[in-house]
Structure formats: C-alpha cells, structure tokens
Amino acid sequence: MNGNNNANKQMTLKDAIGKFVKDDCSITFGGFIGRDCVAAVHEIIRQGIKNLTVIDDSKTDMMDLLVGAGAVKRWEGAYLGYGAIGLAPNIRRSVEKGIPAKIEMEDWSNAGISMRYLAGSLNIPFMATKSMLGTDIVKYNQRIKIINDPYEGEPVALVPAAHPDVAIIHVQRADAMGNAQVWGFTGNDENKARAAKHTIITCEEIVSTDEIRRQGNMTLIPFYCADAVVQVPYGCHPQSCYGYYAYDVLFCGDYHESAKDRDQFLRWLDRYVFGSADHADYCAKVGWSRLQNLMTMERHFNRIPG
Amino acid sequence: MGNQKYTASELMAIMTAKEFRDWEVAFVGIGIPLVAGITAKRFHAPNLNIVYESGCIGPQKYRVDFNVGDSSAADGALCLTSEWRVFSDMQCGYYNVGVLGAAQVDKYGNLNTTAIFGDQDYHSPKVRLPGSGGGNDIGSNIGRVVVMLRLEPLRFVEKVDYLTTPGFLDGSPNARKKAGLLGSGPAAVVTDKALFRFDTSTNEMYLDTIYPGVDVQDIKSLVGWELKIAPDLKVAPEPTDEELAAVRASDPANLIMGGVAARKRLSGLDEYIEITIKNSGK
Numbered sequence: 012m013n014g015n016n017n018a019n020k021q022m023t024l025k026d027a028i029g030k031f032v033k034d035d036c037s038i039t040f041g042g043f044i045g046r047d048c049v050a051a052v053h054e055i056i057r058q059g060i061k062n063l064t065v066i067d068d069s070k071t072d073m074m075d076l077l078v079g080a081g082a083v084k085r086w087e088g089a090y091l092g093y094g095a096i097g098l099a100p101n102i103r104r105s106v107e108k109g110i111p112a113k114i115e116m117e118d119w120s121n122a123g124i125s126m127r128y129l130a131g132s133l134n135i136p137f138m139a140t141k142s143m144l145g146t147d148i149v150k151y152n153q154r155i156k157i158i159n160d161p162y163e164g165e166p167v168a169l170v171p172a173a174h175p176d177v178a179i180i181h182v183q184r185a186d187a188m189g190n191a192q193v194w195g196f197t198g199n200d201e202n203k204a205r206a207a208k209h210t211i212i213t214c215e216e217i218v219s220t221d222e223i224r225r226q227g228n229m230t231l232i233p234f235y236c237a238d239a240v241v242q243v244p245y246g247c248h249p250q251s252c253y254g255y256y257a258y259d260v261l262f263c264g265d266y267h268e269s270a271k272d273r274d275q276f277l278r279w280l281d282r283y284v285f286g287s288a289d290h291a292d293y294c295a296k297v298g299w300s301r302l303q304n305l306m307t308m309e310r311h312f313n314r315i316p317g
Numbered sequence: 002m003g004n005q006k007y008t009a010s011e012l013m014a015i016m017t018a019k020e021f022r023d024w025e026v027a028f029v030g031i032g033i034p035l036v037a038g039i040t041a042k043r044f045h046a047p048n049l050n051i052v053y054e055s056g057c058i059g060p061q062k063y064r065v066d067f068n069v070g071d072s073s074a075a076d077g078a079l080c081l082t083s084e085w086r087v088f089s090d091m092q093c094g095y096y097n098v099g100v101l102g103a104a105q106v107d108k109y110g111n112l113n114t115t116a117i118f119g120d121q122d123y124h125s126p127k128v129r130l131p132g133s134g135g136g137n138d139i140g141s142n143i144g145r146v147v148v149m150l151r152l153e154p155l156r157f158v159e160k161v162d163y164l165t166t167p168g169f170l171d172g173s174p175n176a177r178k179k180a181g182l183l184g185s186g187p188a189a190v191v192t193d194k195a196l197f198r199f200d201t202s203t204n205e206m207y208l209d210t211i212y213p214g215v216d217v218q219d220i221k222s223l224v225g226w227e228l229k230i231a232p233d234l235k236v237a238p239e240p241t242d243e244e245l246a247a248v249r250a251s252d253p254a255n256l257i258m259g260g261v262a263a264r265k266r267l268s269g270l271d272e273y274i275e276i277t278i279k280n281s282g283k
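Going down the list, the protein sequences come from chains F and G.
Numbering of the first sequence is given in the working numbering, commencing with residue 12 and proceeding in unit increments.
Numbering of the second sequence is given in the working numbering, commencing with residue 2 and proceeding in unit increments.
I should point out that these hints are in silico values taken from the structure, not numbers from a laboratory.
By construction, the Cβ of each residue, glycine as well, lies at the ideal position given by its N, Cα and C atoms.
Some clues are possibly wrong.
Here are the computed lysine-lysine pairs in the DSBU-like style, where the Cα-Cα straight-line distance is at most 30 angstroms [stated by the list, open to error]:
| hint | chain 1 | residue 1 | chain 2 | residue 2 |
| --- | --- | --- | --- | --- |
| 1 | G | Lys179 | F | Lys61 |
| 2 | F | Lys156 | G | Lys160 |
| 3 | G | Lys160 | G | Lys19 |
| 4 | G | Lys179 | G | Lys6 |
| 5 | G | Lys265 | F | Lys271 |
| 6 | G | Lys179 | F | Lys150 |
| 7 | F | Lys108 | G | Lys127 |
| 8 | F | Lys108 | G | Lys160 |
| 9 | G | Lys127 | F | Lys271 |
| 10 | G | Lys160 | F | Lys150 |
| 11 | G | Lys178 | F | Lys156 |
| 12 | F | Lys208 | F | Lys113 |
| 13 | G | Lys265 | G | Lys283 |
| 14 | G | Lys127 | F | Lys150 |
| 15 | G | Lys221 | G | Lys160 |
| 16 | F | Lys108 | F | Lys30 |
| 17 | F | Lys156 | G | Lys283 |
| 18 | G | Lys194 | G | Lys265 |
Quick look at which bits of chain G chain F covers, simulated, 3 or more residues with Cβ under 8 angstroms [to be verified]:
| hint | stretch |
| --- | --- |
| 19 | 8-14 |
| 20 | 176-186 |
Looking at chain F on its own, in the form it has when it is part of the complex (with noise of 0.2 angstroms):
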C-alpha cells in the first residue's frame, strides 16, 4: 500500500471533494464541535452530492446544514443538536416532518462511536465496552451485542468496527505528503483517518516537510493515511479551531433563529453556500475583520508555538 506516499497530495477542495465523496458514500468528520470541516461540508453541499451516510459521534451545524441542504440518507451517531444554543432546526424537521427528506436515524452513545472508531483503525472486526448496557438504545440498535464476556461472564457490549469510504479531518497544518499536526483535544480524528479508506486533510496551513520534523509528537496523522491536503483557511468557522480563532456564538446564534424557518435557511444556503464560489468567498461574506477579531480573541487565550 505505497502507491499512496508521495509529495504532491496538495489539491483544492473542489477537486478533492470531487475526487473521493461520491453520491451514496459513507463518511466521516474530524473535530468534536470544534476544528469542524464547515468548509468541505460547504463544498459537498455545493457540488449537490446526495445520500450520505454519515457515521460520527457528534455534530452541529455540519450535520444540520447537510440534512437541511438534503444531502444525507442516514446518520449513524450519537449527537444531533446544537450545544448550549439549542436543538437542530433541520434535523428536527426532517426526523419530524420529513422535510426535505426523512434521514435514517441508529443511536449510539459517544464512547460507543469511538469503539468503533478504535476498532476500525486496529483493523478489527469489533470492539467491547461498558458503555449503553440495559437501555433503549441496544433495543432500537439491533446491531449492539450485549454477550456475557467469555473471560469473567460480565455483561457487556459489542460494536461493530467503523469503516467510512472518506474521512475529512481538518488540522493546523500539514505538509504536501499529508502529515497532519493538530494542537488542542484530538476527537477520535488518529481513528477516523486510519479507518477509513480515503482521508481528506484540510488545514489552515501548509508547512514543509522539515517543519513538520521539527515537532513530531503534533503529527496525529501521518502521511500514508492522507490522500488529498487542502488548505482553507478559516475552514471551521463559525466553528473554533483551537490557536486560530474562537468560537463565533453570534453568527451561530443568528443561523440557528433563521434556521427554525424552512425558507430562511434556504436563503441562508443562496447566501452562504450557493452563493459562494470557494471558501475564500464565503470568508468576505461573513467579513474578513470579524475573522480577525475572532483569531485575535483566540490568541489571547492559546497561541501554538514555534
């Protein structure tokens, strides 16, 4: 499996996106509502991909625009909503109303995803944990096994190992073979990335290959686990990345009220998504000095060395 390692993995995100999400496909994210992929989620809504399957553990306003924009068939996951803000306006009406479409739903709990995660990037077939024992999750989830462990007879539960077409995870920095450094908590990114069969790295910056030598122990994700490097500055925004920039609670705040409306999220999409030919378009729209002040805020409180 060598015909992967080479220098020239550096692409735009619409070719990656073209290249490796299909309709139809499963896939995952990195981050854990945070250093979210909201630009390739942008891109995948742009280029119209339909009926995804999606297997993650948690997720904001990636899940409720892409289910909103009609471009998922089922969710495989443990959460839905829309942190301290509230529910998700589109996921809500989809599982409620079917609007647009009615997505699949098959709850796991978080630690019960991450098994899976684990056992996809051991190459296992499943994994055992202690956790979603005795509740309605294993009844509406048939593919959960409770077995009494053949070692001491305690009851516990099986999960199936997670294996996505494509992982898209975004970083800090990586290089063009696709060492991917991150700064900050880590998700199950080192799982998805190793489990899937492609991984799309998307990072603020593109550093060389002696930069990445320099600090080692950052890389979550070496190179012969990445197939596409896409830089996009500003990639998770409104979401945070960890040494870049905060949180944006105010623009979230605003899409969540518009988002309770069918039609306003529709014009929320034209405006945003539609109506923007790359990320670095959507960026002007929100405002490149709002995404300064958002960094600087940042920074006050966690600057990456070097």
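Add chain G to chain F, keeping to what the hints say.
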C-alpha cells in the same frame, strides 16, 4: 418565586455547584452544568478538574464554552488527548462525578435525551432531541451522576419515552450491576424549584430540599408518580451575594443563562469579546 434578586437558572447553577467537591474530577456537559462547574472552581472547589469528551482534561476555565469542543475547553489544559481515551479513563473509574441535562427523568433516575414520542414513536417522534452524546456513557460508568432539568409538566414521568441514560433502571436491587454497568448511578436531581435525591434501599427519587418560597404541593403536582418526601425535608438557603457574583462571572455575557434575549442585547461580536476577555482572569 416572585421578585427575587436571582433567576431560576442561577439558583440551579449554584445548587449544582455545591455537588462538586474540591480535587474531584468531573465530566461536565455544556450549558448550565458547565456554568455550575466553573462556579464551583471559582468558589469552593478551586482544584476541581473538569474533563470534556472532546479530549480536554483539566482546563483553566477562563471562559465559558458553548460546545464541548470549543477551543475554550482546551484553555490551559493539563492534558489534551482523544475522545476514546477520556471515555476509557471514565471506564477505568478515574472520574468522580458527572453532570447531565435531560428532557425527561423517571422515578429511578433514568434519562431521556433522544426523543419525545407524543402520540407517535421513536421513528417519527413529536420532538427529536440530540441523542445520547456522551450522556449514556457518563450515566453508565462514572462515579456518581448529578442530573439538571427544570421541574415542568411532563418532564418527571412514570416512564421515560426512550431510556437513553441509565439511572437505576427498573429500580430492582442490583439492577445496574446485573446489566453490567460500572458507575454508582444518580445521586441528585437539581431543578429550578427543588432538589431530589434517591432512597438507597428502594432506588426511588424523593424530595430532599425545596427552594425558598416553593410549596411542596406544587412540586407534587408536577411529578408523574406518588412522590415521597424526606422526613427531614430541607429548605435551601437563599444564594449569597458571593455565590451570585461567582455564577455571573462564570457566564459574564449571560449567553448560557440568558439565552436568545441576552444575545440580542449585545451590540455585536466586539462587545462579546471584550466582556469575555475582561472577565477571564487572563
């Protein structure tokens, strides 16, 4: 609770903050539970270490978070690691206490954060809620659990529509152990009107403490089963000025406690950033 100098949310946060002890490790969800955690750190439990499911262990808590993966969750953290690692550490028993919100709770402390069925079912519910997130994992495997929700009609029910997070399950002796769960289950339910605890022999929730000015009958009328009252029913003290100052400093722009109305009162992002930095202590 008429013309008081504090809101129900503030009192809930203060009552919850008192459930944390110094040097404990706490797994805390976003929203008012987190405000309670920050308040405890700034007040009586300065060495409380908070863990977030995104993989942040022991941040300084300069600012409030709106999501468990906001970069604020990592500010000055002792350890930044992965999601599967912190859930595994929970399973190993390193974490003392977890705080969870819920839409419904039953008399054995089982929680629903998945769906309100109404006249329908799981597949087409009246209200689709976010799901477990890490709630089930906390309820399954952490030392003890503190639940926070408002005491409103149809929230305290005989049976939850969907059992997302285990309390004492069917209430039978050792039900949790038989199911294979590791944690000891719910210890308290904090609401905007009263605080409930659980009978150690029957595992049933009972009324332990009422808030100033609240009538026991009003509480009973909002609970969907025959509620038992502690023989030594307590009345919570009025929050002190120091406690109120601590809780307000934990959410200085009032965006968690004040919601949409508070957001609309801000002149814009610049004012939010200024308030956050000014109150951060950094």
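Contradicted hints - numbers only: 1, 4, 16, 17, 19
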